[in-house]
Amino acid sequence: MNDLEGVVLSVSVAAVVGAMGAVALFALARRRVGLAATLAPLVVVGSVAAGVYASARAMFLSDADSTTVLLLLLATVPVALGVGLVLTARIRRVTTEAAAEKAASERDREIEVRRREMVSWVSHDLRTPLAAVRALAEALEDGVGPVHEHVPRILAENRRMAAMVDDLLALSRLQSPTATLRREPVAVADLASDAIAAAQPLADSGGVKLAWDVADPVVTSLDAQQVGRALENLLVNAIRHTGPDGTVRVAVACAESAAGSAEAAGTVTITVEDECGGIPEADLDRVFEAGWRSSGARTPERENVPGGGAGLGLSIVRGVAEAHGGTASVGNTPRGCRFALHLPTAG
Numbered sequence: 009m010n011d012l013e014g015v016v017l018s019v020s021v022a023a024v025v026g027a028m029g030a031v032a033l034f035a036l037a038r039r040r041v042g043l044a045a046t047l048a049p050l051v052v053v054g055s056v057a058a059g060v061y062a063s064a065r066a067m068f069l070s071d072a073d074s075t076t077v078l079l080l081l082l083a084t085v086p087v088a089l090g091v092g093l094v095l096t097a098r099i100r101r102v103t104t105e106a107a108a109e110k111a112a113s114e115r116d117r118e119i120e121v122r123r124r125e126m127v128s129w130v131s132h133d134l135r136t137p138l139a140a141v142r143a144l145a146e147a148l149e150d151g152v153g154p155v156h157e158h159v160p161r162i163l164a165e166n167r168r169m170a171a172m173v174d175d176l177l178a179l180s181r182l183q184s185p186t187a188t189l190r191r192e193p194v195a196v197a198d199l200a201s202d203a204i205a206a207a208q209p210l211a212d213s214g215g216v217k218l219a220w221d222v223a224d225p226v227v228t229s230l231d232a233q234q235v236g237r238a239l240e241n242l243l244v245n246a247i248r249h250t251g252p253d254g255t256v257r258v259a260v261a262c263a264e265s266a267a268g269s270a271e272a273a274g275t276v277t278i279t280v281e282d283e284c285g286g287i288p289e290a291d292l293d294r295v296f297e298a299g300w301r302s303s304g305a306r307t308p309e310r311e312n313v314p315g316g317g318a319g320l321g322l323s324i325v326r327g328v329a330e331a332h333g334g335t336a337s338v339g340n341t342p343r344g345c346r347f348a349l350h351l352p353t354a355g
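Mapping the sequence shown onto the working numbering, position 279 (from 1) lands on 287, and the numbers just tick up by one.
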């Protein structure tokens, strides 16, 4: 065999082996990209090795010489495998970073959308009491209507606006990356009892009964002011959506760890159950969004019951839960909804 034929043979063998390896890599990449990237340098080395070995055999080298050539070629396999592993690690890192950047971008975009919606909702809700205050003030200025009727209404609308601003500031603090909690050992049952006592006048004004089961003596480390506010928001929300002669029930329960130690890894759950008529299943995932209001089966808020805000109360509840490493949830019951605040007992 002359030199030209040897060259053609080695090139042909290398091309065939390379083509077969490429096809196998493409098929493997559909299922396992990382493994395909690791083996890619081996395909190149295998293709070159096959061509060189075919050329060596075509040159009628002795078996000993052919074996030496083959061993030299095989010695490059670990190098190729190392290059493939480095390439795979780099691809995975780039892919992970790209996915993280995309997720962060989508998260930032969602936060911005929610922020704009919240500003829009709060601005809209503030217009109503502002318009009422202006109308009443103009009436007083013009001498229309008795002062003893207009002044209390102005003060009531002022308190309503102040509550909206307070909720907005509270939610802003909870969403701040520098937010810190003032944790201290707290008896959750006592915290719930205090919130119930504070909500009793509101319940009485709406003809709503309060029932509770808060005998669980669990003590855990939490921010009493923040959790107390979250619980008060749940109670106000439940009372405002429960009709006269309805009942709002509050319960505190502690789910113990598998070992039976509540202090080790348990969760204390505070539930507030109302008789609002329920929330459409499609809306359950949205009730903790800032400014959201259901337009479904739920009993509408009654204007004769004080305590209305800008729809930020439940968002604050979720923010408090997440700040403590817990969660907030909601589900329908036969007569209404059950809101739950889940807080870890391990501080």
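The set of hints was computed from the structure by calculation and includes no laboratory data. Please read these numbers as outputs of a predicted model, since none were measured by experiment. For glycine and all other residues, C-beta sits at the position ideal for the given N, C-alpha and C. Do not rely on the hints blindly, as some may be mistaken.
Distance windows between CB atoms, simulated [as the list claims (entries may be wrong)]:
#	residue 1	residue 2	range
1	I99	T76	44 to 50 Å
2	I119	L292	38 to 44 Å
3	R181	T104	43 to 49 Å
4	R40	A111	38 to 44 Å
5	V94	D174	55 to 61 Å
6	R190	S131	30 to 36 Å
7	R161	R294	50 to 56 Å
Okay, the hints, checked on the actual structure:
In this structure, I99 and T76 break the distance hint of 44 to 50 Å, their C-beta atoms being roughly 36 Å apart. The supplied range of 38 to 44 Å is broken by I119 and L292, whose beta-carbon atoms lie about 21 Å from each other. R181 and T104 have their C-beta atoms about 33 Å apart, which leaves the hinted 43 to 49 Å range violated. Taken as a hint, the range 38 to 44 Å is violated for the pair R40 and A111, whose Cβ atoms sit roughly 23 Å apart.
Distance hint check: the CB atoms of V94 and D174 are about 56 Å apart, consistent with the given range 55 to 61 Å. At about 31 Å, the CB distance of R190 to S131 agrees with the hint of 30 to 36 Å. In this structure the hint that R161 and R294 lie 50 to 56 Å apart at CB is violated, the actual value being about 33 Å.
In summary, the structure is inconsistent with hints 1, 2, 3, 4, 7 from the numbered list given earlier, while agreeing with the others.
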